[in-house]
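If you read the protein sequences in the order shown, they are chains R, P, D and W. Position one of the first sequence corresponds to residue 581 (my numbering), numbered consecutively onward. Position one of the second sequence corresponds to residue 581 (my numbering), numbered consecutively onward. Position one of the third sequence corresponds to residue 10 (my numbering), numbered consecutively onward. Position one of the fourth sequence corresponds to residue 10 (my numbering), numbered consecutively onward.
Treat the hints with caution; some may be incorrect.
[Said to hold, decoys possible] The calculated label-pair distances, taken between Cβ atoms and stated as ranges, are:
| # | chain 1 | residue 1 | chain 2 | residue 2 | range |
| --- | --- | --- | --- | --- | --- |
| 1 | P | A846 | R | R864 | 49 to 59 angstroms |
| 2 | W | R75 | R | L716 | 50 to 60 angstroms |
| 3 | R | R815 | W | R119 | 12 to 22 angstroms |
| 4 | W | R75 | D | R100 | 49 to 59 angstroms |
| 5 | P | R728 | D | A130 | 31 to 41 angstroms |
[As the list claims (entries may be wrong)] Within a straight-line C-alpha distance of at most 20 angstroms, the following computed SDA-like cross-link-like pairs (lysine to any residue) qualify:
| # | chain 1 | residue 1 | chain 2 | residue 2 |
| --- | --- | --- | --- | --- |
| 6 | D | K144 | P | E639 |
| 7 | D | K144 | P | P933 |
| 8 | D | K14 | P | R1053 |
If you are wondering where the hints come from, they were derived from the structure by calculation, not from laboratory data. Glycine included, each C-beta is placed from N, C-alpha and C at the ideal position.
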Amino acid sequence: MKIRKLLVANRGEIAVRVIRGCRELGIATVAVYSEADREALHVLMADEAYPIGPAQAAESYLAVDTLVGVALRAGADAVHPGYGFLAENATFAQACADAGLTFVGPPPAAIRAMGDKTAARRIARDNRVPMVPGTLEPVASDDEARVRAQELGYPVMLKAAMGGGGKGMRLVRAEPELTEALRAARAEAGAAFGDASVYLERAVAEPRHVEIQVLADAHGGVVHLGERECSIQRRHQKLVEESPSPAVDASLRARMGVAACRIARAAGYVNAGTVEFLLDAEGRFYFLEMNTRLQVEHPVTEMVTGIDLVREQLRIAAGEPLGYGQADVTWRGAAIECRINAEDPFAGWLPSPGTITGLRAASGPWVRDDSGVYEGYTVPRWYDTLLAKLIVWGPDRGAAIDRMVRALAEYRVVGVRTTIPVLEQIVTHPDFRAGRLSTGFLDRVLPAVRANEARHETVAVIAAVLAEYERGRQAMPAPAGGDDTAGAWRWGRPGWRR
Amino acid sequence: MKIRKLLVANRGEIAVRVIRGCRELGIATVAVYSEADREALHVLMADEAYPIGPAQAAESYLAVDTLVGVALRAGADAVHPGYGFLAENATFAQACADAGLTFVGPPPAAIRAMGDKTAARRIARDNRVPMVPGTLEPVASDDEARVRAQELGYPVMLKAAMGGGGKGMRLVRAEPELTEALRAARAEAGAAFGDASVYLERAVAEPRHVEIQVLADAHGGVVHLGERECSIQRRHQKLVEESPSPAVDASLRARMGVAACRIARAAGYVNAGTVEFLLDAEGRFYFLEMNTRLQVEHPVTEMVTGIDLVREQLRIAAGEPLGYGQADVTWRGAAIECRINAEDPFAGWLPSPGTITGLRAASGPWVRDDSGVYEGYTVPRWYDTLLAKLIVWGPDRGAAIDRMVRALAEYRVVGVRTTIPVLEQIVTHPDFRAGRLSTGFLDRVLPAVRANEARHETVAVIAAVLAEYERGRQAMPAPAGGDDTAGAWRWGRPGWRR
Amino acid sequence: MAPVKYVATLGGRSEPVEVTGGDGRYQVTLGGRTWEVDARLTAQGIASLLVGSVSHVADVTDDAGRCVVDVGGETYAIQVEEHTRWTIRTRGGAAAGPRGQTLVAPLPGRITRVAVAPGEAVAAGSALVVIEAMKMENELRASAPGTVMEVRVQAGQAVNAGDVLVVIG
Amino acid sequence: MAPVKYVATLGGRSEPVEVTGGDGRYQVTLGGRTWEVDARLTAQGIASLLVGSVSHVADVTDDAGRCVVDVGGETYAIQVEEHTRWTIRTRGGAAAGPRGQTLVAPLPGRITRVAVAPGEAVAAGSALVVIEAMKMENELRASAPGTVMEVRVQAGQAVNAGDVLVVIG
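Use the sequences and the hints to build the structure in full.
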């Protein structure tokens, strides 16, 4: 069934991404917005927009019945969940199906199988995909957790059973940390997924986070689009992603790809999904979980394969076959993504909501800006901090890094603090350029990150003093003979920003 | 010799493009600016900037000695000429060489050979590259032109002997038009190139403009990067370009590529260059001329080949070998470029200088914005009207067109009139989608182009009336109980743009 | 609250418009239909309008008393007046149409050619003057037939936007 | 024209700065060196500076009397005063340093945990309060050792930016 009108059950940059994909296919788009989001970019860009309730996500972006009701009222025939919110909620997928709406994502059963991380681990085990040792069930109590952790051996990792995106994850180095880590992980998991259960895994030392993108159609076609390396993380939140991984060669890619496709097939998976692995220093990979949705970092795969993942999601949801096989998927060059978050990396990474008074995005050759904001927009305090994703492509990893350095230097956000300065220090770090990555990279590098190198102190002082000087001069009568022609002096004209 | 610091002898988007390319290679950049350009984007983006004289290009951007002097004063070791201005001026290339500066372009002899279009035609003839019949020398007088035109048979095409970029070209359908056409072509050629000579060619009926990009290193390596179709022209100014051409298959591409490389070799060509051909309805191609510089439309070649032409120019100028051969050049998908000019297509295409009060560029997946302007910038009246180039890539031509339609709809320029509305009508035209192109396309389509479809008249009236309504309300005392919290009403706040 | 009545004039046509509401939510009546409108200024001069749930972004600027609205890639110049004021202004009947043509320079540049002389008859579409600006030659043409009364420029002369070039009676 | 004398204070350091010139071209003396500066506002709050031919773009905003300058990806908060005013203000000697700490909410959110109680001794870096905002838990820590005098919030409570959470003596 052809999709004619689609409701995007999300906000921010991913809602904008989906709207763009729909527009290119001639699909009309319906945005939804909470009371905090009337002026959000996705509302401005969609063909239609409907209010869905208060700022709190639980009462708006997570309100299944409201969303299905708006979709029907707007005459939509499909729903795209984006990532986060209800993207991995089988109840929502089922409610869409029950209402006759095409859900742009996997069948509810596949979401359920993979959403329950412990069930997913059983599928992986049954399909001979290697895994990190851990519990196949959530731990029922602190006491059980203590016993299991001891059996596995510290350090262990706590993970949300219904999780994804790093929420509810905690590394526990030794037993005394366990109780507090369980509390924090459960609280975060409960808040994020409405289910506080956690399970345990043995922590792998200095692992890389490498994930495989898969696409599966409703006719049995399954392909993988290669890997993304997402080892640059802070508190399990990815910050920099790339494809290909500097640690993966064609042979390893093929083996990981086969393992990922095997899991997708076993789960009856349809649509775009991602199989996450840890890769250890010896090149062994271990299944972590499968994310049954589009990932934040999907653009790096798009840039190297030339395959538009949102377009493929929409085609697959409409029942079309992939129309190509594994041999048709080719990779060219290297792509890197940096997440520009409204956080202050020099003040404990505190979120930095507020009004973006100045915004100049990077552009030019092979620079892609997937943004959810605009100049004048006020970043609300209710949702995550992701403002925009900056993606570059280059013929090889070195060229891509050079381009990312250039693009980050061009990207200016004024009014809220962002991760840009620390991203610049990451991509210029010798270990990053050498491809020496692990999930511990950022913790190792961050202590050396400086707020201000004071490289531009003199210029800053000159700018500040001239602003004051001109403010003083404007208060005086205009000098005789002063002209106002093109190219002449213009400081202090009306509108000096407050 | 490695390039460490480069002077960009140009302005606008191409200066910005070169600066970006240099930055990614770690080359410091020096901008130059006329009195009309102190606030131009290339000045803001370069590492250093120097004034070079009055607004009139003849006294600034065309002032060879001034430019060479600034390059030496700034400690630059190389000069990039961009396109236009001095890009195909052998005297400038020679002056750079004499001053010990690396000229990022071909040797003066090659510029001279190809810059003299009649000399170039002799080279083509000697190398058995097919040509449109015409004069091998400039016509000395109106009388000679009349005789030659009669021999060739009308319609004939007048072309600037030292030309390029469509300047000084005139189609003459019949003898009575000849005198005025000669005057106009000579005036334009003289103003643009400092040489008013013109020559004649028989006009080909409904031809396509298809050009081949070549790269030649200083060690004998020559490759071609396939074709660009640039048939969408108005008064010989290209408006929409694409690669590949819908009229060129692999076999024709190979034959045209071989012909282009043969001419480059015969001319002793080094660096990036473009060999222009006419392609007739039967698939026969005819050599037109060789442009000894980077073309405006180079990005479409970059997007399909993955080869960064500015980077290659800089590498070649530094003496590096290409490092790859023809078999290594591969093409993926389709790319289209639209030129966003400050012209009013609904008022005789009059230039529209002025202040850009609002600017929201398209972005997102596979959208590239190569711009020379910013919000708040005043487009000066001294230079050409090109504001920005919007480039998209797609896995095939249809997908690229869909993407261009989406991107043009996103692109908003307020304050000056632009070509965007007519570009939208071009790329949605059935003949464009079907690939039925010729240099006559635009003249055929333009009469049907409407200024306003009035699709949004109701919305426009609502917006205008609400602005007035709120202006009236702001003049009244604030209503009791009115709050000012997030998401609340904000019309009429200070700063309503005048 | 009683609706406020306006008249919007666009392209020579005037139509009544009524507005009620406030704080971002309005009812706007025009052409016999009432629209629910949710409208916000998202930045200076940029309005987000949800007109019966359909989303539009309009750039709204003021140009010498007229409201210029850019929406969906189209530009509209609209004069908005309170209904009573419009009634008073137009009570005397429409003013007589302009007679003759005055060709003014649409932008600064240099005159490269003058194609007419005083006393000459011109047809609609006849070339009058060629002005060079931004590296292009731009031909300015007569919008209606008439007789050339005055030619105020000559070839080679620099002109500013708004300068009178030719007067046709 | 005699130079205008200022004092710029940045990160606790104050330094004299002298300016002459105008109409976009200035001579600025600081740190014993005079810079030729060509400066323009290219848009509201965005300045293009050519400092001895080196090109910089600075975003200049005013924040409660201090000038906040974003340049080259770095942010500087600078207080600029006329020299005489600065002299008068600082004549009495530097004010005594602040005593104790007052922990205020750096952004709006919900308190998810209070880790200290009145009377408790804390070390520099001790966790005091955890605030949840924008889907993240953010731990707020003591900047210096001391004794908790007051705890003004409890877990589950919503707070606004600037609300006092904990007072340490």
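Each hint, compared with the structure:
{"no.": "1", "hint": "P/A846 - R/R864: 49 to 59 angstroms", "verdict": "holds (58 angstroms)"}
{"no.": "2", "hint": "W/R75 - R/L716: 50 to 60 angstroms", "verdict": "holds (57 angstroms)"}
{"no.": "3", "hint": "R/R815 - W/R119: 12 to 22 angstroms", "verdict": "holds (18 angstroms)"}
{"no.": "4", "hint": "W/R75 - D/R100: 49 to 59 angstroms", "verdict": "holds (58 angstroms)"}
{"no.": "5", "hint": "P/R728 - D/A130: 31 to 41 angstroms", "verdict": "holds (37 angstroms)"}
{"no.": "6", "hint": "D/K144 - P/E639", "verdict": "holds (15 angstroms)"}
{"no.": "7", "hint": "D/K144 - P/P933", "verdict": "holds (12 angstroms)"}
{"no.": "8", "hint": "D/K14 - P/R1053", "verdict": "holds (13 angstroms)"}
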